Structure formats: structure tokens, C-alpha cells
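Chemist: Take these sequences, add in the hints, and give me the full structure.
Protein chains: 2
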Amino acid sequence: MPSRFVVVSLSVLAVSISIGIGVIIGYFSHPSTNSNVQTPIEDKSIQQKLMNSMNKENIRTHLKFLTKKPHIAGRNNDEVELVTYIENEWKANGLDNVVSYPYNALLSYPKQGDSNYVAIVGTDGTESDISQRKELVIDPEQNDPDVVDPFNAYSAAGQPEGDIVYVNYGTIDDFIYLNRTMLIDFQNKICIARYGSIFRGDKAKHAEQYGCAGLILYSDPANYCVPGEGVYPDSWYLPPTGVQRGNLKLARGDPRTIDYPSIPTAWFKNVSETSLPKIPVTPIGYIDAVKYLSKMDGPAVPEGWSGGLNITYRIGPGFSGTYASSKMKMSVKTENEEKEIKNVMGFIRGSVEPDRYVLFGNHRDAWVFGATDPSSGTAVLMEMVRSYTVMLKQGWRPRRTLVFCSWGAEEYGLIGSTEWVEEFQKQLLFRAVAYINVDVSVKSSYVLSCRGVYSLSNLMFDVAKSVPNPDAAEVSKGRTTVYDTWLSRSPFNSSDPSTLPVFGTLGSGSDYTMFLQSVGVPAIDMSYDYDQGLGISSYPLYHSVYETFDMVTTYVDPEFTYHLAMARIWAEAGRRLSDSVILPIDCRLYGVYLDRSYDNLMTIYGESMRSNGIDTDKLKEVIDLFTVAANEIHDRENTLDLSNDFLVRGYNDQLMQLERAFLDQNPLPGRPVYRHYITAPSQHNNYGNSGFPGLVDSMFDIDADPDQAGRWEEVKRQYSILIFHILSAASTLRTPVPM
Amino acid sequence: MPSRFVVVSLSVLAVSISIGIGVIIGYFSHPSTNSNVQTPIEDKSIQQKLMNSMNKENIRTHLKFLTKKPHIAGRNNDEVELVTYIENEWKANGLDNVVSYPYNALLSYPKQGDSNYVAIVGTDGTESDISQRKELVIDPEQNDPDVVDPFNAYSAAGQPEGDIVYVNYGTIDDFIYLNRTMLIDFQNKICIARYGSIFRGDKAKHAEQYGCAGLILYSDPANYCVPGEGVYPDSWYLPPTGVQRGNLKLARGDPRTIDYPSIPTAWFKNVSETSLPKIPVTPIGYIDAVKYLSKMDGPAVPEGWSGGLNITYRIGPGFSGTYASSKMKMSVKTENEEKEIKNVMGFIRGSVEPDRYVLFGNHRDAWVFGATDPSSGTAVLMEMVRSYTVMLKQGWRPRRTLVFCSWGAEEYGLIGSTEWVEEFQKQLLFRAVAYINVDVSVKSSYVLSCRGVYSLSNLMFDVAKSVPNPDAAEVSKGRTTVYDTWLSRSPFNSSDPSTLPVFGTLGSGSDYTMFLQSVGVPAIDMSYDYDQGLGISSYPLYHSVYETFDMVTTYVDPEFTYHLAMARIWAEAGRRLSDSVILPIDCRLYGVYLDRSYDNLMTIYGESMRSNGIDTDKLKEVIDLFTVAANEIHDRENTLDLSNDFLVRGYNDQLMQLERAFLDQNPLPGRPVYRHYITAPSQHNNYGNSGFPGLVDSMFDIDADPDQAGRWEEVKRQYSILIFHILSAASTLRTPVPM
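Sequence lines, in order, name chains A and B.
Per our numbering, the first sequence runs over residues 479 to 1217.
Per our numbering, the second sequence runs over residues 479 to 1217.
Take the hints with a grain of salt, since some may be wrong.
No distinction is drawn between identical chains; accordingly, a pair holds when it is met within one copy or between any pair of copies.
[What the hints assert, rightly or not] Only pairs whose alpha carbons sit at most 27 Å apart, straight line, appear in this in silico BS3-like list of lysine-lysine:
(1) Lys817 with Lys569
(2) Lys769 with Lys1098
(3) Lys569 with Lys756
(4) Lys522 with Lys871
(5) Lys943 with Lys955
(6) Lys747 with Lys1098
Hint data in this document are derived by calculation from the structure and do not stem from the laboratory.
Remember, predicted model here, so these are calculated numbers, not experimental data.
Modeler: Spelled out as C-alpha cells, the structure:
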């Protein structure tokens, strides 16, 4: 049997106990009578020690090591070299335990020596305007044989030829417009979509649904450059030769083992029966895209569809002029491969509640060097872990258990985290307090960006208020904390003097997904971000070969002060979740969030729902009931006897279980692994978020459906389920007797 | 909104607190520092007080009141009269709270004034040999206008005519034999099946699957009488005029709201889209059955199919002789009706762990007078509750919360318990320690019959050892406890001197079902039973009009000593689950159970699995891993610091969560509400039990399937899921860090 079944290392436990005995300094406690009074709920000195024990130069050193080679999932650089590096570091740091969890995963790679391209093909079969198969090497360090050629993971293989059609971002609305208004027949067409707006896997799904023969994805300068700012290597913006890699998989985790872990005894569905794309898809840079787009026929695109190339964007289908009889051709030889991937997990046992887990997660695998995505996060994780072990050596120990997660194969659609959550779903269901994700830690230096369940928003505001601002210019303006700049640059409502910063909602862009959607673990995701006012679709070099250590130190964070700030925010958020006697989960904020979601729902669908016989006041009533229950439980805190361990535990359990109450016993319709009825990845954009997803999904494009009665019956069913879950959440918060 | 949303009664809480303050006598504790040491883990005097405070004459009085009128679900005698009676008693007893939970449920009744019958119909349409529409009144108390005429709930209405076919018990094997060996074409046939062997709803399902036009159910004397023993009113055996009512529904709870509670905001599926029977089904007594069976044509039945009537049993189809051209006719006008049903719930708040629930459940509704089913259980419930409140008044209070459940509409397929579990599934998932069901408390006076999850078997053995034997003849032979007779009359292995008593497995015959199958709450079901050696299919007057108070006092338990013993067993089992610092859940016994299930599996399917490429040793290996983990957790108890509340709570949580680890996130294939991968109601008999149900179901009749490859692939998938859940259970039991 694999090593995961024999995981209790007595020697490690013995070491940690002897450290505890040796260096007791006041607040370390092996509880003998009551554990709450002795726990440092708000001991500011602990945060100070934790923050002060961090060294930004260590983060730089880690980042340098992590990014010296490309480290794609499933290959040795990541699964052996970096796994070993992290294991060794964490063991040397003195974590209580370090365990690697291997999974057999279906990955995908371009064909070695025959990588993908697109071209124009004449009637005689002659190919012209062939796209680059590799990105241009701009800095010698990029000239590494382990660089994977640009591709979209899980694309079908194929060499389709057909008339080209421009589909803008390839959103569902874009396709509906082309289909219904422009009357485009997508059969045998090669679509070209620009990256941005939605998850690329949804673009591929839409193209497949509409019958396209293939899909080309490209990065338009409108989405990855800013006019007048130059491009890499002169700035951090995307050069014409840069290409965004990325996967197309909508299923989370290994698509052959939905709901179950890919362990040795797993049953693996035949790949042909999974939901992987059935058409070829491949990405190109705008050095190539312009060649095809500029030759297109058909009407000019509608307003908002033009990108930043100096051409007239046309819908097609097909090419014009001398190319009128030519076709677009794709050559995609991407292949799926079974590979072992690994998660590395480190543990610090909680002193009082070892069976309550606060989890920190970051993925390890990168498309190429990954200096931003994800190694900027990994480097921060490494230094955070070390700082925690410094605290351990000083005698401190968290009240609850800390779990540090280095996920494998996130870029392939959250495989490492999904398989692990699936394997330990029952333990996580009962024991996980919260999961804090950092994928990219520092995209840029403009402002903190934070997303999560709303009951954790105040925690994050408080933490941000306690972390020094890494931006010297901001400090000089009196904004001395991360929070000050967050509020100043990213207010929720700029016309409201009492506004809070923006606190976003979670889609499915990183490893928090299954924690929240499958197990109901309250989750946070964050990064230091660029200015959304730039109008770009992601940080420009995202998933390209140019995402290197030198690029980071030149353009992103030369002094590593933002990385350091992220380490501090992450560590302190987890420490408060671990150390606070009463969990810092504020259920009242969920009431605010429900009210806001209700208002949004009414704005878009209220009239339509009412005219189809739905009493929309009923939902408002149950949200109000929830709010009353949320207020009551927090009022109860005032009279809670903190010296009564069982009452404290029971009270915290109610706070923790709130999130679980929103999970349905069945997945959302058509969404195999998402079960959260209040918030889920959007149906048509896995990166986005949908409030009240079951209900909202049921009304999508409903006016165009001939079966109005059937569709509205399903809306009523979804409305009823949503109401049930809000009632269930309210009763979860009430005093346990009676139910 | 309904009253369930405003459930915290401050005045009730105040009362219970003042009682606590007023009468503290030693072991009552409002915990201030540590709660474990002060709790009476094994204080025998508490059990003695609890047992001694019970009075069998009170049970008699309750039974008399409960059975004075027929009290079918959905009508006033049950939903108003008895609900009010129970509420008032419990409030007068001084429970901390009493709450009624109403649900809108789909019930079913025969048509008033035009009740169901069957008959022989000639070619000219003349009906003869018409069956009785009502059971004969034998005792004047049975002559009550509220007696519901014999019917099968949820039958489709219809007046089919066709050739009669005898299908023995109507099991799947019976139908397969008739179909494949006897080449019976069931189209337009009226089948007649004897009651017994399996749940009647499965008989109806099989008849419908095979295309029958209707199904007649009858009680054969072979199954409900013993030769030479006479029949009611001269004994407790079934007279010719007795008819067994009963429902046919396979879905648990309201079939319109699978997975969700039938609360006012529920969405109700159209009845025509539910899984209710599509053919008419109705029951008759053997006074009528013999008229039809004796006239049948066709070959004599195979060995084992003949019943106890003095005729030659024939398969048919059709009648013989002068009746050769006649048909069997059914007239069924049963109708579904929406009704309000109610559960009454009483609460005693736990002193130390109010958010841990030990639940006691019994249903209240009866087909007619219900003196055995269920009122013998209800009468015991009432006296048990009173005895607990006597203890409260003496200052005792249970460590964990006690919940007493009087379920509505159980006879209609567990509706009250299912809707309530669905409504509070999340709280139960996290908080319920165990559920102990008593439906019929005393079927007869022969031996205790106990079924449940195997981890509670030792608890039940221990409890039975502590309760005096109500059987004076047994006591005189030195068997002074309930356990002694249990072991003597019902040994698991009579040739093993160290054998334990039989401890059965759970099907879906009563309200424990959804606790175990939907939420993973360890469950027990028990009754005082008759001698299985009698060979009868249930206690003889089951669901007939003759199940009266006088019948009970004449033939079952004249002195109510067996009822009293049941009250004591039930109360003490719950008290130990509530009061023990360490929960009396023995995970090692689950290992024994898994081993036994494995051996059974190998006996039946081992060779076949191996010859289809399944490594059957792998399952044994993971069961062994489970056993190691189970042994380890119980070894840990020896060194567990009982003064550490958090460790005690965490340890108990692991014991409690074991059962949850066996639940799949998806229902078993084709079984909408059952999720337990180790034990579930049998696929072809809802009363029966299936070990490893996902796997075993997947192999049912597999040799006859032309798609061998597809079927065995599904077997492999099920095998993998089963292994996963055993691994998951093992890791649930291991020390929490690491996972």
C-alpha cells in the first residue's frame, strides 16, 4: 500500500513534544484543565514575532531556485526536483510532519518534435503564414530544452481545415449573437477567439457546442498591452511572440475519476467517455494572429469586438481577396498522458484542537518557469512555513492544526487539490476551519486583491490593517498599512465615505475550488494585483515563456517587499483562524452578502420571476430569517462562557458549519462537482462567479426556449431548493436545542 | 412562516435552568472547568433509578388510550388527538421543549363507500366470488367507522381483468423463474402473490416490471398461522378474514420531494412523475384467496411454492374447468391525497454537550388500532420519557441532549422521519450520535430482537445484561437478564460455546432508515419478538383490524412486563450513549462485520469476480487496514487524557464520524436516497439488507446480461468505490494529524 496509509511518525511527534517541554514560555500550553483562557486570542506580540521572523531575501532565494528550470506538472523538474526541495526544506524547518500524496493523473502535452501550429492552406494544399511553433527566445535563460511548446492542455488532436470565423471572446453571448443575429453556421468552421473575459475552457466548450471544427486562441494587444508602454523586454507587457498556454478542462481534477481520488485502487473512466474537448484547440501570439485576422472576409465586427491590432476586425466566414479560396488549417498533435503528480503537505499540530485544520495552499507546477504563476506564491509559502517553525522553536504552538499544501498539477485543472480533497473529503467536512489560497502572490504592486466567502471579509480587512504597507509612496501619503491602499485604490463604493474595500467572490480559477464547492470549507484567495484600470485581461506575460525570475525582479517586485507583505498577510490570516478562541467567521456578513445577491437577482430577474408566478418576497423573507439567526449567534458570544470548553467548541462548530449548510446533497444541475447553492463558478465562465447559481443557471436564456412551462417549473424547483438551503443555514446557527 | 423557525423558548430554558440550580445533587453539573471527571460514566445507581422509576401500569394505560380509536396517518385521530395527547403529556412531564413539525405529505386512502375488491368475472361480465370489502368484525371494538377498509397505499386505481398467475412471494427470483423457465408472458395478467419474504412494494415493482395488469396480495396460512394452534379470537394467529394493509412505496418520505423536506416552500413534483406504482394492487385474506387459487389452471407449483391451504397450488395462467373462460378482476379506487402530517419532538438538553444528540424514535400512526404496530412502542416511549423527567427532577441531567421523536405517517413509507431528517440533515450530520428506533416494542415474549450497525452491538449486549428478564420461566432456569435469554434462544452460532447473540442488520422497515442511509447516523432497531422457529412471516395479525388492545392483553403481554423490559432497554441504551464520557461505539466490531461481509461476498461472488479480472485480495487488504486503524483508536483510549475536554470531544467525534465515512457523495446506483456503501436495504427487498450493496447490486443476475464487458466494468467501478470508502473510514479513525 502507498505510504499515505502509514503516516504517523512517532519520532516526529516525540521531537515536537520535547521541543514543547523544553521551551515553554508562557503561552505554550498542553492543556490540562481549560484551554481557552490561556490561549493568546489577541496577543499582538505573536503577530509581531511572526512578521519579524520573515526575511524577504529568503523569498528571493526561493523564487530563484524554484524558477531556474521549467517545471510543468508530471515531469521530473516539478514532481521530483521541486517536491524534494520542498520536503527537505520543511523537514529541516522542523514541521511536525511532512507527507507527499501521489496521484495517478491524466495530463496532456504537445507532441515532442512535432508541436502544434496553424496556417493558411491553399486549394492545392500549400501552407502559408505558418504560426511559430515556439515562442521567440528573448533572454538566454528562456532557451531551455524543458520549455514546453505553446499548447492548450487536453485539446483533441486533429488537422481540421475550414473557413475562419472571428468569435470575439468566445463567450456564450458572443456565440448566440453570431448564431442568431449574424446567422453564422459553425459547421466545419475554424473559430478564432481572443483570450480574456472568460476561462478558455468555456470558449472551447462553446465552440464545440456550436459545431466548430477547431478553435484558435490568441492574445490580442488590447487585452495584454497598454498603448505607449512598450512590451517585454522593455516593459512587462506581452510581446507579439508571447503565447498563453493553459488547459481547457472543465471537470475539476482528474476527469477520469470525478468524485473519487486517483489512488491506486481507483477506477478510471475511459478517456473517450470524459468531458474533455472533442475538437482541436491551440493558442498563438498576436505576431501570428494578425496575419489571419487581417485577411478575413465578411462584415466588420460589432462595437466592442475590435481588438488592438491595426486592422479592421471582421467576422468572416473565410478569407477575402487573393485568399478567398484558402482555408484556415490547424495542426494539433497534443496527447494525453498518465503521469504521477504529487502534493507535498506539511503539518503543525494544534496544541488545543489538533483536529481542527487551517489550511494554506499554493500550487507548485508551472507552464514554463512560472516566476509569477505560481512560484511567487510558492516562494512566499516557503518563507511563511519557516517563520512558523521559528515560532515553534520559541515555544509557541497554534491552537488549531496548520496544514501547508504544495499542490501538483493545478495548471491542468486543479488536479492535486481536487484529488486530495476527494480522498479526505470526510475529514475536511468535519474538521477544516478554513482554506487560504495564494496562487500568484504578486502579479503587480498596485493593490491587494482578495476574494472569498463573505463571512471572512472582516478578518481579511483586519489582517490587512495590521500589515505594513510595502508601497513607500503610499506610506508617505499616510497610508501606512496594506488596508489603507486597498481601501484607497479599490473601494467597494467610491461615493460612500464609509465604504469598505472590494472583497471579491470565488470562481474556479485556483485550488480553493473544491474546498468550497465540494466540502463547504470557507475559503479565501488573494494576490497583490495590478491596477484594474489598465483594462488588461490578466497580468500580461501570464503562462508565457517570458514569466521568468528576471522579469519579476525587473518589473514586478525588485525588492521583494510585496512578496514579504503577502507572506505576512497570509500567515496572519491563518494564525488568527488558528489561534482565536472564537473563530473569526462573521455570519452576519453572509446576511449582507445574501441581501446583495438578492438585490442583484431582483434587478435582473425579479420582474420576470414574478410574472411567471414566483413569489419573490419569500426569498427575501428567508434571508431576513437568516440575518436574525446570524445576529443572534453573534449576540450569544457576549454571554458565552469561555471557560467552558464544550460550549466554546460547539459554538465554533456552528460558525464553521454555516458554509456546509449551503451545500446541496446533489451537484448543481449540469455541474458535476459544484454543490454550493449561494455561490459557484459561473455556468458559462469557470473563472467567474455566479450568485444563487442553481436558480440563475435555470433562467439562462429562458426567453428563447420553446418549452416555457417546463423551464419555469425548473426555475420554481431551484427557487425552492435555494430557500431550503438558506433556511438550513439559519437553523444551523440557532441554539442547538431544539433544532 | 411556520413555528419551526421560531423555536427557542426562553421561558422553557429558564425553567430548565432553575430546576438545575434548585436541585443540584452531586452529579448534575453546569460545567465550569472540566466536565468529564464529574460525569457519571458508569454510575450504576443512575440506571437503577431510571429503571425503577418506570411503571408498567402506565404503559398499559398509554396503550389503552392510544388504541381506543383507529389512528391512520393524515386524519384527526392521529394528527390532532394523539399529537395533542403526546404534546400535553410531555409538557406536563417537564421536558425542556416540545415541538411539533408539520409536513405536507402525499398520502393514499381507499375510496369511501366504494372500497376495493377482487372477483371472478365471467365472459358476460358477471362477477362471482367477490372478496370481502371489510374484515369481519370479531370483537365489537373493531366495529368503528374510522376503520380504514383493507387497501395498499399508493396503488394505482383501475379495474383490470385478466388471467390469474400465481407468483409465490413475488420476489425477483420468483418472477425470473416464471419468465425464463415457465415462459409466462405477464402482459394483461393479474398476478396473485402471497405476503411474506420481501417488502410488498418490491412485489408490486416486480409485477409492474414484468408487465402485469394488476397484483393481488394475500396472507397464506403457511405464513401467518401454525397448524393446530387455532386462529384469532382463539389465539393470536391470523383468521381467514384478516387482511394485511400496507404501503407499496419504494421512495422514502414524500415521493414528490425526494432529498428535500415537504415544507411550505417546497417544490412538489407532479405525482405522475414520481415512482409510485402504475398498476392496481390490493390485499385480501385467505378466506377469499382460496376461492381463486383453488380454481386455477396450469402446472402445479414447484417445490417450496405451495402454501398452507388445502389445495393444489398451480401457476396458471387462468382458471380451469367451468371457470376456464372467466378472468380475474380487480376493482381498485384508491386515491392519493395531500395531507398534513406531524412529528412531535421532545428535548432534554445535554448538560455538557448540548449539541450532541441521542435520538429515540417511534412512529405514532397505525393502519387501524395499532395496538402492536406502533402503539406498543409509543406506550413504551411515553413511559420512558416520563422516567427521564423523573430523573431530571432529581437533579440528574444527561451529558448529551436527548431527542424523543414521535413520527407521523411511517406506515406510508417513513414520511415523518424522512422529511424531518431531510429538513435537519446538516445538523444531524454534524451532531447526531445515534438513533434508536422502536417501532413495535413487543411482538411477542420469546426473545429480544435487535438490529443495527455492528459498532453498537456490544453496547446492546451490555445493556441487555443489565435489564432483568421479564420471563419468569427463564429466570427460574437461571437466565436472570434479557441477555441470558437472548443468548440462549438466539445464538449467532449455536455450535460455538463463546458465541454472542444474533445482532441483525438494518433494511428499510422503519424510521431508522434515513438516519443511517442519508446522514450516516449509527442506528439501532429492536423489539421483543416471537420465535423465528414458528416459520411465520411476521406476527400474525400485523396491519389487520384485529391488532387491538384486547388482543395484546390477551395474547401478547398481559402483565406488560415485556413492555417494561423494552422501556428499560431503550432508556438505558440511550442513557449510555448520552452519559458515557467516551462514546460506546466500538469500531473494532465494524472490522468484524466487514470481515464477515467479505467472507459472504467471496462465497457467492469470489470466483466469478476473480475470473473477470478483479483482484479480490485488495478488498481484504483494505479491510485489514481498517481493522488496524480501529484497534489503534481504541488502544488510544487507554492513554487519552480524560481531563482534556478538547481531546475527549475530538476522540468522540472520530468514533461518531466513522459511520459517515461509509456514505458516498452520490446515492447508490438506482437507489435515490441510500448512500451507505457497507450496508443498505436490499435492491429487491426493501425490508432486507444487502452487505456491500453497490458492489453486490452491480453483479445481480449478471450472467444473463448480454453486455458482459459493460456490466463487469461497472462491477470494477463499484469495487473501487467500496474500497475507497473503507480506506476513508480507516483514515477517519487515525490520529487527526496528519490526515
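Chemist: Indicate, hint by hint, whether the structure satisfies it.
Modeler: Verification of the hints:
{"no.": "1", "hint": "Lys817 with Lys569", "result": "within (26 Å within a copy, 64 Å between copies)"}
{"no.": "2", "hint": "Lys769 with Lys1098", "result": "neither (54 Å within a copy, 63 Å between copies)"}
{"no.": "3", "hint": "Lys569 with Lys756", "result": "neither (44 Å within a copy, 65 Å between copies)"}
{"no.": "4", "hint": "Lys522 with Lys871", "result": "within (18 Å within a copy, 48 Å between copies)"}
{"no.": "5", "hint": "Lys943 with Lys955", "result": "within (16 Å within a copy, 79 Å between copies)"}
{"no.": "6", "hint": "Lys747 with Lys1098", "result": "between (43 Å within a copy, 24 Å between copies)"}
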